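Undergrad: Now for the letters of each chain:
There are 2 protein chains.
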Amino acid sequence: MSAVAIVGAGLIGRAFAITFARAGRTVRLWDPDPAAAPGAAGFIATVADDLAANDLLGGRTVAEVLAAIHPVTTIEAALDGAEWVQECGPERIEPKRETFAALDRIAAPDTILASSTSGLLPSAFSEGLPGRARCIVAHPINPPYLVPAVELVPAPWTDPDVMRRAEAFLREVGQVPLVMTREIDGFIMNRLQGALLEEAFRLVAEGYAGPEDIDRGIADGLALRWSFIGPFETIDLNAPGGVADYVARYNDLYAGIFAQSQRRADWTGAVLDTVTAQRRTVTPQDGLAERQIWRDRRLMALRAHKKLADDTFGR
Amino acid sequence: MSAVAIVGAGLIGRAFAITFARAGRTVRLWDPDPAAAPGAAGFIATVADDLAANDLLGGRTVAEVLAAIHPVTTIEAALDGAEWVQECGPERIEPKRETFAALDRIAAPDTILASSTSGLLPSAFSEGLPGRARCIVAHPINPPYLVPAVELVPAPWTDPDVMRRAEAFLREVGQVPLVMTREIDGFIMNRLQGALLEEAFRLVAEGYAGPEDIDRGIADGLALRWSFIGPFETIDLNAPGGVADYVARYNDLYAGIFAQSQRRADWTGAVLDTVTAQRRTVTPQDGLAERQIWRDRRLMALRAHKKLADDTFGR
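Sequence order for the protein chains is A and B. For the first sequence, position 197 (counting from the first letter as 1) is numbered 197 according to my numbering, and the numbering increases by one without interruption. For the second sequence, position 227 (counting from the first letter as 1) is numbered 227 according to my numbering, and the numbering increases by one without interruption.
Think of the hints as simulated: they come from the structure by calculation, not from any bench. Owing to the predicted nature of the structure, the values given are computational and were not obtained by experimental measurement. One or more hints might be untrue.
[What the hints assert, rightly or not] Short, incomplete list of chain A residues facing chain B, as computed with Cβ under 8 Å:
id, residue
1, Val147
2, Leu197
3, Glu199
4, Asp220
5, Phe232
Every residue gets a Cβ at the ideal spot worked out from N, C-alpha and C, and that includes glycine.
Could you put the whole structure together from the sequences, leaning on the hints where they help?
TA: As structure tokens, then:
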């Protein structure tokens, strides 16, 4: 199998390096800052150790994974023979356009050029490029070695065959591609997250419940089923006759709720003070970094559980 | 500790019987259909065995749990000495009003009267009762022995002390109470679920992605973190400076998405055919019951994992 290039060795780039190397790919890691790619090695080694301890290295050893990741000093060296480029640069349109122009100029014609962006549409950074048909968004939830979903988003001019190859590539490296048919702000996941957060902020802003009640209602309630079957299968299994039966029973309830939800809470207003006060009571500002480490440990244990449950019960 | 009465021995009533008995309570189970309460025994025994196998019986034996659940033949016997009544009858306003009138007439003055209803507001069935101040909704996600969140919803006239006692009671029996300050259609969890489903149906209806992509985006994406920290803590840990930093970075993105989301997809229209077709391809109509059993096994394994992770890493 051919190599993968990662352009941008920050948090997302490093995480993708581990993800691809764990799947047996040769990874070339380049960053415009010459210190960044070599500097990623310590982080990568620590994560690889943790993944090995949870049997999440795909049967490979830590040494094998580390040996597959090569910091390189030029973009040309990164792209040489690459089947896939994962661009992980800054989230601003001008540098993104410049990077994609360079990638399109240097990469072999059949290399797929994928951006990790969460906020920019693929049409915005690929417009006008000779190779715009091979440019896409492949947006992960960080870190991709623990969260497998990756959104594949085409521009209007993306070649359908590029999308098919992209989907196959992501499956080969053990990720779960969500294949969009066309671009829209926020893609799939941030639109779903945004919808949930809108209601969460609204309930808190209007005083129905506190932020902790919302978090518990998801973490000790709805997200238990969602975390292995998703929202459509959840409702499909929540009425004796399946999803059509569910909609027949509950559409009126949800239509009524929707009618009450046509105003935005001001996330930057008083409700933010309420949420911040609750969060800082539980986790002080100077405890956030440590809590992020805790979150990743729990996420890793959850992934190990899901892998075992997939094997034991099936998906 | 005093006894708990369950009025209505259907799916939810049986599940609550196990939940309360596992916590060491004496449970009296009554149903207007004389066959229902005794008929629940087989189901309860099977579930207790499964819970024991996953160390989810709170340290009690199956025999202890079964011995704590008493089918009774009169509502008076059920309510005698009960600290808490969990009403699990039909989801229609007239029978609910009649049941609560009977409960209020028969129960000792300080007994809390809680309904499992998901669709009726507490004011609607407690209005006019002499003991309306002790009537609330305690809405679970089924089954409560696997999903700990329970919404506590007051009517405008509910005594604040009843809410405090209800919260304490639910914590004592190992559930996670979400305490609302006032009633609203859908309470917390179905409003959050509805918001997510609205966007999910809209994305499918408008052809951006298929139902399976939505389910994977949640099950292999967003819900992994949500399943142990919830949406507010998720964003609090997703920006270096916490939730205020996150809102500063992403409010514009979400405001834009919100502006694009002010129309409802017709859940009963063509999109339902799309969702149904996808669901029935994966799980045929006659496979739904078996898939529900599979879901509950996975849910049980997930709960066992969460218990272990809580002990190992903390919450």
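Undergrad: All the hints need checking, so say for each whether the structure fits it.
TA: Verification of the supplied hints:
1. Val147: Cβ of Val147(A) sits 6 Å from chain B, so the hint holds.
2. Leu197: At about 6 Å, which falls below the 8 Å cut-off, the nearest Cβ of chain B leaves the hint on Leu197(A) intact, so it holds.
3. Glu199: holds (4 Å)
4. Asp220: holds (4 Å)
5. Phe232: holds (5 Å)
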